[in-house]
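Novice: The lines below spell out each chain.
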Amino acid sequence: MDFKKIQNEQTSWEQGTVKKTLERFGERKEHFKNGSNNEVKRLYTPLDTEEVDYLRDLGFPGKYPFTRGVQPTMYRGRLWTMRQYAGFGTAEESNKRYKYLLEQGQTGLSVAFDLPTQIGYDSDAPMASGEVGKVGVAIDSLADMEILFDGIPLDKVSTSMTINAPAAMLLAMYIAVAEKQGVDSKQLAGTIQNDILKEYAARGTYIYPPKPSMRLITDIFAYCTEKLPRWNTISISGYHIREAGATAVQEVAFTLANGIAYIEAALKAGLDIDQFAPRLSFFFNAHNDLLEEVAKFRAARRMWARIVKERFKAKDSRSMRMRFHTQTAGCTLTAQQPDNNIIRVTIQALAAVLGGTQSLHTNSRDEALALPSEDSVRIALRTQQIIAYESGVADTIDPLGGSYYIERLTNDIEEQAMEYIKKIDELGGAPEAIEQGYIQSEIHDSAYRYQNEVEKQERIVVGVNKFQTETEKPKGLLKVDPELEERQKEKLEALRKKRDQAAVDRSLKALRDTAKGSGNLLVPIVEAVKSYATLGEICDVLREEFGEYQGADIF
Amino acid sequence: MDYDELIQLFKEGSYRALSRAISIVENKEPGFRKIIAEISRTGGNGYIIGVTGPPGSGKSTLVNELAWGYRSIGKRVGIIAVDPSSPFTGGAFLGDRVRMQRIATDKGIYIRSMASRGHLGGLSAAARNVSRLLDAFGFEIIIMETVGVGQSEVDIVKAADTTIIVSVPGLGDDIQANKAGLMEIGNIFVINKADLTGVERVEMELDKIIKMAYHSASWKPPIIKTVASRGEGITELIEAISKHERYLKDEGLFSQKRRGRIEEELVTLISDHLFEHFSPKIEDKVSLKALTDKIINHELDLYSAAEAVVESILKEKDKGGVKIET
Amino acid sequence: MATTKVIRVLVAKPGLDGHDRGAKVIAHALRDAGMEVIYTGLRQSPEQIAQAALQEDVDVVALSCLSGAHNALFPKVAQLLKEQGMDDVLIIGGGIMPDEDIPFLREKGIADIFTPGTSLKQIVNYIKENVK
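Protein chains in written order, with my numbering: chain A, 1 to 555; chain B, 556 to 881; chain C, 882 to 1013.
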């Protein structure tokens, strides 16, 4: 390509045609900026992608550096997994919702746990008061888990569980349920989130301090390598980092910095990179800026491939392959004119698909108001199905690849995110950067800037700071029965009476002994779960041994 | 709540009254003098510990654990956590409680966050007033925590009976940067987060500083290593504090130190009062703007201008125009 | 002597909800509006919040909760504040809560509720106008 000639033509276009037009009609704004606060140019040309080396930077789907996709045929072979995050109230109610979603054509389960479960409290703990069954299903023991998956064959579905601090305990319960169904753990497919670093940085459901938390994580890596080879042992999550206010660049940077920390911890624990790295998976946010988001997914894939290969010297190309789940951005949903959210979700879902996601959750229109109703969940799922079956975007791989703008953005995101990673390395790695509040305060600064842009109308949110109309709030929002907490407590009480207390005590003692030593914690946790020790009891043993984490001050 | 009632409740040990009293004193609301006068009749038993160090050194966590340590030997602890106010908006973000969860509901511990504000007469005086209130209320240990930046923050901890300087590995040049102001005032040096790499380096540097700055002092500051987030080293720290207290008392320095502090405070307060008293007169009598113009135009120098102002006010006073009330 | 009264606000996250983007953004805005903001961090029990409000002698308690536990937690905070004689404190709440819960919360002593889409300015002004 004759770049010089293009340059000349472009200059004459800018100084001639464009200038004349601008004299007559100014542009809408003096500066066009994207969410990462980067200038968006009027036009992108081959000059913007001059340094792109196709084979080095883009290559072919299913091959290093995976910029264009992780599978050779992508959605021509199999569509992404449509996986709606759901769960509320009791195990019985959630079980019903899962069966409904599977009947509607959903292809994988995604379990939402309530906050007491996520923080390792039983439903009758004082801190659990008011929270039981609210943002997800309440699980106190294996007994609840048995009900949750009743009639769902665990060798047929893949299950994703949003669980972090007590990931080991919930995974142990899943293994125990499978065993009761007669399913071998080697057949189990699914994911646990298990990403504690982003809990400290953005989401807040941590229990233990970083060091023992990292031990739990690497113990899971080791255990699954042997016993659950099809299980994704971690879902390194940018989603919540973005929800907390990060930009696209920060989302990629902080997520990958966390990923680096997990690899380093696992290597330090004596694991081999090519044994555990293929089971690492990721979880990203799909936000409103369609093209920036597509570039973000592509940049993230390429960066991860390069990091794993160059920094950690992996040999197996499966270790370098970034597979990820995507959820549309909850923080973009508005309480005003909630039906508009359907359109937002459509654009975001499209970004995820054009960006090559492996699975997708689409938010429901009413989630800025309450838990989603069944109707809203169905529309959200249909949105994915329309993209998959009607839009045509799934029929060719990486359809936006080669666009001057997309390639430029992909390069820019990679470059800026790498700068962040370098800075975090200098601070001593992600755990230390989080401990010092660096990552949190970077995220907060972006959140505050965003909010101020909205206040000043530099950023338009339709229905919120422009095009407002008085619309009636939707009726029939899902409400969790406040009596549920009492019922759950009664169930728990009954379980404590009925179970073999001596067996519980023995299994908890074994767990404590392992915690004091250096053995793999999963082994005694699985035994404790099977003895019907409650989640709270198991987590308390480790609280006593490991201590509890307190938040960082970011201001 | 009127003031008599407030003071009565304060004496009865009402935390609500204590909190209100602190606000009144901090804000210099009408009646604050009455409160100060009342509480000055008692107190003097609380031992004051100052803790300072750079941001990120884990001070709040350390204070949290220190307070917990004192609680476990039966002492009541009052904490004053000072954070800077924004010079632009006057607002402040007071986040120290985040790291003090463990002690936040203990009935024998009281935590008060304080913003530096633009305190007339200095932040130090305002913090001392709060500490006086805590003392009068019966706290046996009073901990004052500040970020080790800015002179007024340093002044606060300097005024403590025992001053603790917190360092941490990995913050690079902080010790260097702080050497000027902070390092000469420490009675105890803490290296927090002592499980991080680089402890030896910090220890070596501190050692050097102590040898240099304290070579002729009879009290050689000890270096205590802590991992506050796990409560490690706290017993040793409390032991070092008691040792310092014993040293001060044995050498007769304790009362000497406190005396010096009161004298210093008195002098500051007198000059503040004088200034406050005369400053409206200054604005009345002379045009600062005109004087400034003259200085800018090279017609007058700064010292002569100041002298002229003072002289004109004193003349006024001789005429009986300005009275000094006693 | 001149008084230097500044509005003091406790921004608190009751319950187990870890979403603190909103709480932090509001805290920042209040600081920029010249207030002194005390932040408690996550996972506060109503008792901890009431205790902090008392010790810090705040004028305002701002509660943020996105987990749906507001009906259980907010009234408890209001009740505890009242019990310790702090019935003049302005209590406000924010988060994801359906309209139909708002009258109940008002009745229990929460002065007002701010849901998603509320501007920072609106909250700042509300506090300035309503602090006694």
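These are computed hints drawn from the structure, not numbers from a lab.
Yeah, the Cβ is synthetic: ideal placement off N, Cα and C, and Gly gets one too.
Warning: the hint list may mix true and false statements.
[To be verified] Derived contacts from chain B toward chain A, CB cut-off under 8 angstroms, selection only:
| # | residue |
| --- | --- |
| 1 | Gly629 |
| 2 | Lys630 |
| 3 | Gln656 |
| 4 | Val782 |
| 5 | Ser784 |
| 6 | Arg785 |
| 7 | Gly788 |
[Stated by the list, open to error] What the simulated footprint calls covered on chain A by chain C, stretch by stretch (three residues with Cβ under 8 angstroms from a Cβ of chain C suffice, anywhere in the stretch; the number is not a length):
| # | stretch |
| --- | --- |
| 8 | 98-109 |
| 9 | 125-134 |
| 10 | 242-254 |
| 11 | 334-344 |
| 12 | 448-456 |
Novice: Evaluate each hint against the coordinates.
Specialist: Status of each hint after checking the structure:
1. Gly629: With a closest approach of 24 angstroms, the Gly629 of chain B hint is violated.
2. Lys630: 22 angstroms, violated
3. Gln656: 5 angstroms, holds
4. Val782: Status violated, d = 10 angstroms.
5. Ser784: With a closest approach of 6 angstroms, the Ser784 of chain B hint holds.
6. Arg785: Result: holds, 6 angstroms to nearest chain A Cβ.
7. Gly788: 15 angstroms, violated
8. 98-109: violated (count 0)
9. 125-134: With 7 residues closer than 8 angstroms to chain C, the stretch 125-134 of chain A meets the three-residue bar; holds.
10. 242-254: Check passed, 3 qualifying residues.
11. 334-344: holds (count 3)
12. 448-456: holds (count 5)
When the structure is compared with the earlier hints, violations turn up for hints 1, 2, 4, 7 and 8 and for no others.
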